[in-house]
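Undergrad: Chain residues, written in single-letter form:
Number of protein chains: 6
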Amino acid sequence: MTVELDTGLPSTRLMQGFLREKQAVEIKLTTGDTFTGTLRWQDPLCICLEAEGQAVLLWRTAIAYVKPA
Amino acid sequence: MTVELDTGLPSTRLMQGFLREKQAVEIKLTTGDTFTGTLRWQDPLCICLEAEGQAVLLWRTAIAYVKPA
Amino acid sequence: MTVELDTGLPSTRLMQGFLREKQAVEIKLTTGDTFTGTLRWQDPLCICLEAEGQAVLLWRTAIAYVKPA
Amino acid sequence: MTVELDTGLPSTRLMQGFLREKQAVEIKLTTGDTFTGTLRWQDPLCICLEAEGQAVLLWRTAIAYVKPA
Amino acid sequence: MTVELDTGLPSTRLMQGFLREKQAVEIKLTTGDTFTGTLRWQDPLCICLEAEGQAVLLWRTAIAYVKPA
Amino acid sequence: MTVELDTGLPSTRLMQGFLREKQAVEIKLTTGDTFTGTLRWQDPLCICLEAEGQAVLLWRTAIAYVKPA
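Protein chains in written order, with our numbering: chain D, -19 to 49; chain B, -19 to 49; chain C, -19 to 49; chain V, -19 to 49; chain S, -19 to 49; chain E, -19 to 49.
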């Protein structure tokens, strides 16, 4: 759990691009829940999304897909 | 399983903040169960939530998201 | 798979406490199945629960939560 | 994937006991499928069950629980 | 992800046997989808099944069971 | 998370083949969602699919199968 985020990966860079550009994204979880918002940050365990004015901490292991909203 | 919790990660620190401030949080599991309560502690395997007066040990592998309640 | 159970983790110790005190616990799996019983032992792969007079071997990867029954 | 099965673990030994004694077991998967049969062998990736006269290769990652049938 | 397939494991060898003998197999995924076909090859990430005249790349992490069809 | 994609694996090469040939593929996730499109790139964490004119970042851990569309 001391793993680092590989910032050279295309997926990490695409997510960083969405973050910098405040691109609205839709994230679907394996529970079937879908969140729409902008990315605040990502780390090796979670993705923090700003949705409806609050931070939602999405567990990476539960993410199914991310796409521009 | 002797992994340690990386206390420098943004997600770990956000959770520690919720814990210190006794912020009520909503945690949804991949089963679809949602728990609302305050965090007692977190370790590499579990998150311990105080909900309805008792401790609930949530397996990290089953967590979908955490957000302020 | 030669991993050892980290007996210093709060979650492992809480489970050991439930075991020693023969505390009835409710364990829900990601299948939606819920078992109520007392803990017999835990190892890195499984949790052995005594439920309705027989041993049930619960896979850790399928556990969603554990709480006092 | 060159991991070995830790034959010293209580869970591995309990499973080996079921195997040796040809104890009928019920195995439920995370798909909700339940198989009843006797164990043929186990390795780090799979559990091989003899059910209705044929071998079924159960993926460990999909197992929820095992109990005497 | 540079892991190798442990060809000495009983499960790997059983699968290789199905492949060599062109044994029709039924593979169920954790999505509930069931595929019937013959194995083309297996690697550490996937199992390639020939089903209805085309190759289907099944993710190992999504496999629940494999059995002779 | 600094793992590299093993480009020698049959599954990685098959996916690279689909990508080069702009072969339309159908990808099903463990959520039950199915996407049809062409592959843009793959990395150790994700597969990027071009579907309906936009990029969709599919988490590898949520993929069930890939097949030609």
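Read the hints as simulated data drawn from the structure, not as lab findings.
Errors might be hidden in some of the hints.
[To be verified] Listed next, the in silico DSSO-like pairs over lysine-lysine satisfying Cα-Cα at most 27 Å (straight line):
| hint | chain 1 | residue 1 | chain 2 | residue 2 |
| --- | --- | --- | --- | --- |
| 1 | V | Lys47 | C | Lys47 |
| 2 | S | Lys47 | E | Lys47 |
| 3 | S | Lys2 | E | Lys47 |
| 4 | C | Lys2 | V | Lys47 |
| 5 | E | Lys47 | E | Lys2 |
| 6 | V | Lys2 | S | Lys2 |
| 7 | B | Lys2 | C | Lys47 |
| 8 | E | Lys2 | D | Lys2 |
| 9 | D | Lys2 | B | Lys47 |
| 10 | B | Lys47 | D | Lys47 |
| 11 | D | Lys47 | D | Lys2 |
| 12 | S | Lys47 | V | Lys47 |
| 13 | S | Lys2 | S | Lys47 |
| 14 | B | Lys2 | B | Lys47 |
| 15 | C | Lys47 | B | Lys47 |
| 16 | E | Lys47 | D | Lys47 |
[Said to hold, decoys possible] Take a look, some chain E residues computed to stay more than 10 Å from chain S by CB distance:
| hint | residue |
| --- | --- |
| 17 | Lys2 |
| 18 | Thr18 |
| 19 | Gln34 |
| 20 | Pro48 |
[Unchecked claim] Residues on chain D that point at chain E, a partial pick, calculated with CB under 10 Å:
| hint | residue |
| --- | --- |
| 21 | Pro(-10) |
| 22 | Met(-5) |
| 23 | Leu(-1) |
| 24 | Ala4 |
| 25 | Val5 |
| 26 | Lys8 |
| 27 | Leu9 |
| 28 | Gly12 |
| 29 | Phe15 |
| 30 | Thr41 |
| 31 | Ala42 |
| 32 | Lys47 |
Fair warning: this is a prediction, and the values are worked out from it, not measured in the lab.
Glycine residues also receive a C-beta, built at the ideal position from the N, C-alpha and C atoms.
Undergrad: Tell me, in ascending order, the numbers of any earlier hints that this structure violates.
TA: 6, 8, 20, 23, 24, 29
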